[in-house]
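Chemist: Line by line, the protein sequences are chains A and B. Quick note on numbering: the first sequence equals residues 0 to 132 in numbering that gives the first Met the number 0. Quick note on numbering: the second sequence equals residues 0 to 363 in numbering that gives the first Met the number 0.
In short, the hints are calculated from the structure, not lab data. Incorrect hints may have been included.
Some, not all, of what chain B presents toward chain A, calculated at C-beta under 8 Å [to be verified]:
(1) Phe251
(2) Gln252
(3) Leu254
(4) Gly256
(5) Phe258
(6) Lys262
(7) Gln265
(8) Leu266
(9) Glu267
(10) Leu268
(11) Leu269
(12) Met272
(13) Ser273
As a list, the in silico DSSO-like pairs of lysine-lysine whose alpha-carbon atoms are at most 30 Å apart [to be verified]:
(14) B:Lys153 x A:Lys93
(15) B:Lys177 x B:Lys153
(16) B:Lys247 x A:Lys71
(17) A:Lys14 x B:Lys248
(18) B:Lys308 x B:Lys177
(19) B:Lys247 x A:Lys61
(20) A:Lys100 x A:Lys49
(21) A:Lys74 x B:Lys225
All C-beta atoms in this analysis are idealised placements derived from N, C-alpha and C, irrespective of residue type, glycine included.
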Amino acid sequence: MRPLTEEETRVMFEKLAKYIGENLQLLIDRPDGTYCFRLHSDRVYYVSEKILKLAANISGDKLVSLGTCFGKFTKTHKFRLHVTALDYLAPYAKGFGVAAKSTQDCRKVDPMAIVVFHQADIGEYVRHEETLT
Amino acid sequence: MEGQSVEELLAKAELDEAEKLRRITVHKELELEFDLGNLLASDRNPPTGLRCAGPTLDAELRSLARDNMQLIINQLWQLPTERVEEALVARLLEPTTRLPPEKPVPRPRPLMCWQQFARLKGIRPKKKTNLVWDEVSGQWRRRWGYQRARDDTKEWLIEVPGGADPLEDQFTKRVQAKKERVAKNELIRLRNLARAHKTQLPNAAGLHPTEHQSKEELGRAMQVAKVSTASVGRFQERLPKAPHGAGKKRQFQPLFGDFAAEKKNQLELLRVMSSKKPQLDIIRATNKQLREEDQEEAAKRRKLSQKGKRKGGRQGPGSKRKGGPPNQGGKRKGGFGGQMSSGPPGLGGKRKGGRQHQGGKRRK
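All chains, full assembly: derive it from the sequences and hints.
Modeler: Below you can see the structure in the form of structure tokens.
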């Protein structure tokens with residue numbers, strides 16, 4: 000278990016920024032406690048300081064997981080985000096969908112035109128289970 | 000009255016003329032030394048007026064500057080002029096003052112082994128011709144290098160020498176011998192470079208197996224072998240009895256480091272990432288600069304060698320053998336054509352860091 004290096008942090012932040020953008024700093028700097036990212040056997044865990052101190056007492060090969068797994072680094076050092084990160088990303092997520100017009104057209108079009116098709120958000124069925132029949 | 004006014008006017012005109020003349024001609028006890036090539040005038044007159052000036056120092060300095068400037072301009076007007084695109088232009092002379100060099104003088108390099116030896120023994124380099132007559136091909140060939148005159152690896156018939164094994168391949172033997180000579184020369188060159196730059200060659204003990212190898216040599220050989228794969232050892236399994244944790248170790252931050260500092264670093268990283276301005280990566284910028292300079296020098300050398308070859312080719316077929324070797328027009332730099340290294344290339348791996356003055360070390 001170790002903290003992330005500069006390079007690894009940068010790769011991970013670039014990935015996370017695609018989903019939550021500037022709100023990433025709310026993950027780093029939380030008012031309700033010190034949370035940090037730790038790397039354990041190629042997986043990145045988002046864990047509070049308290050839990051981290053407890054986990055340090057478990058030997059590396061016996062430690063399975065700690066805190067929340069955000070994702071893992073592949074053999075070629077790319078960061079793959081896991082679904083277990085959803086709970087932390089969802090509150091800060093940027094709206095997403097398929098672009099209906101090209102970037103240039105989006106600029107010239109009138110205010111009432113459709114620019115994004117919101118479709119294929121599978122999670123919506125789970126999130127809004129009560130409201131959907 | 001009119002006469003008076005006319006007289007007054009004339010007198011005034013005369014006064015003005017005198018004034019102008021006084022302005023144009025400047026009286027100096029010692030003549031100034033002019034270097035018009037640099038637009039320079041040296042005034043050797045002792046500045047007594049300035050020393051006792053006191054409060055009027057500024058005015059005195061200004062008048063001195065005006066006078067000297069006037070003299071320079073007088074000199075400039077005496078130069079031959081010409082008209083360039085509706086402007087009257089004076090043709091300046093060659094500068095006579097010798098300016099000091101911009102960069103410090105390079106220090107003398109330490110002599111190579113052979114140079115020291117030659118100096119001791121008093122050996123002078125014998126002047127040899129570049130081209131030698133080759134009977135076999137019936138043309139002038141180089142003394143050494145590409146398509147040289149007597150290339151023993153290119154012979155089609157080799158007699159088996161008396162004491163040699165009849166089943167031995169003499170051709171491959173010659174090729175091997177040449178490869179060994181080339182490798183030896185390369186090693187000596189790298190060793191010279193290392194000595195010149197006061198670094199060390201990477202220790203290759205254990206990589207050329209001999210009879211008895213120590214435990215450390217074997218360990219090092221094993222380590223090097225592990226890393227010598229296409230993935231630089233990433234997917235090599237560990238040997239069962241190999242000591243775990245051999246080789247280079249990476250340093251990481253401690254597990255419970257300063258959380259506040261960690262937070263600050265991450266926020267700083269975020270800020271840099273989200274800023275719209277592109278960030279300057281010093282290492283990549285310097286590497287790019289170095290690479291461009293290398294390419295320019297290689298292109299220059301190639302151009303020079305092309306010029307030389309072209310001139311030599313034109314005169315070659317025209318000359319007879321008895322006339323001696325044809326002239327080699329143009330320069331041709333010796334050494335391994337196109338290969339340039341003033342730093343230790345095989346020693347330090349990737350170049351990093353800034354560039355010091357030309358000819359010096361490149362920082363690793």
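Chemist: So, for every hint listed, does it hold in this structure?
Modeler: Hints and how they fare:
no. : hint                : verdict
1   : Phe251              : 5 Å, holds
2   : Gln252              : 5 Å, holds
3   : Leu254              : 6 Å, holds
4   : Gly256              : 7 Å, holds
5   : Phe258              : 5 Å, holds
6   : Lys262              : 6 Å, holds
7   : Gln265              : 5 Å, holds
8   : Leu266              : 6 Å, holds
9   : Glu267              : 11 Å, violated
10  : Leu268              : 6 Å, holds
11  : Leu269              : 6 Å, holds
12  : Met272              : 6 Å, holds
13  : Ser273              : 6 Å, holds
14  : B:Lys153 x A:Lys93  : 72 Å, violated
15  : B:Lys177 x B:Lys153 : 12 Å, holds
16  : B:Lys247 x A:Lys71  : 24 Å, holds
17  : A:Lys14 x B:Lys248  : 28 Å, holds
18  : B:Lys308 x B:Lys177 : 27 Å, holds
19  : B:Lys247 x A:Lys61  : 26 Å, holds
20  : A:Lys100 x A:Lys49  : 48 Å, violated
21  : A:Lys74 x B:Lys225  : 18 Å, holds
Hints 9, 14, 20 from the earlier list are contradicted by this structure; the remaining hints agree with it.
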